[in-house]
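Student: Sequence:
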Amino acid sequence: MPRYALKVEYQGAPFAGWQRQKDQPSVQGAIEGALARLQPGAHTIAAAGRTDAGVHALGQVAHCDLDKDWEAFRLSEALNHHLKPHPVAITAAARVEDDWHARFSAVERQYLFRILMRRAPATHEAGQVWRVNHRLDAVAMQQGADRLLGRHDFTTFRSSLCQAASPVKTLDELRVEEVAGFSGPEIHFHVRARSFLHNQVRSFVGTLERVGAGAWTPSDVQDALESRDRAACGPVCPPQGLYLAQVRYPDPVFG
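Our numbering applies: residue 1 is where the sequence shown begins, and numbers increase by one.
Since the hints were derived computationally from the structure, they do not count as laboratory data.
These numbers come from a predicted model, not from an experiment.
Even glycine gets a Cβ: it sits at the ideal position worked out from N, Cα and C.
The hints are all genuine.
Label pairs and their computed distance ranges (CB to CB):
#1 His124 - Pro25: 19 to 25 Å
#2 Ala46 - Pro235: 30 to 36 Å
#3 His81 - Asn133: 39 to 45 Å
#4 Gln39 - Gly184: 45 to 51 Å
#5 Phe73 - Asp153: 42 to 48 Å
#6 Leu58 - Asp229: 31 to 37 Å
#7 Gln163 - Asp65: 22 to 28 Å
Can you build the whole structure from these sequences, using the hints too?
Tutor: Dropping the structure here:
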């Protein structure tokens, strides 16, 4: 059975997350349903990361197995036709080796988190950003973020529901920048690592927001990390504003 990699973009708001769930809409379920329109029968696809309810993707990657050979562009077009009206799009497709795996072949995942800083409620950006009604100090947040770079025991920033075998991870990038958004000034967090713990990025952002607001110091982030105590973590920020931005593989998949 030929195997195909799919690059997937979606809005997370209507879904209970990536993973197929009984009686709840999921991104996985929407794509598997579209595949069933092309090839009758049950389909099971795998993804590079299982995003939570409300989390978005710009560059999620999944793979599927089909009975027939498809030209990659035609496959993406056919899936997009059958995905309507879900806010899910296949932005690229590619034939891959039979042992290639969207999750296990990945060597890096990149996330983006957006905070909108304004007092007025978000309208056009509603559900796409975390709105806070106060200014944040991006320089102080970067100083706190720098304490988290490298290989650490991230128990403090790990959800109690996390199923990872170890809390030890290597964080390659946690970059904070202020940008001029269309609806107001935004803080963007660019986060990069081979893999992440459950709720790790949202725990980082919620903690660093406290630094930006002046409630924490950058040194408090260091203390929280070294405590290896979930209770020492700052508030976990909401899912809106979080995007799985890109997944990287040893060899480019989509050209």
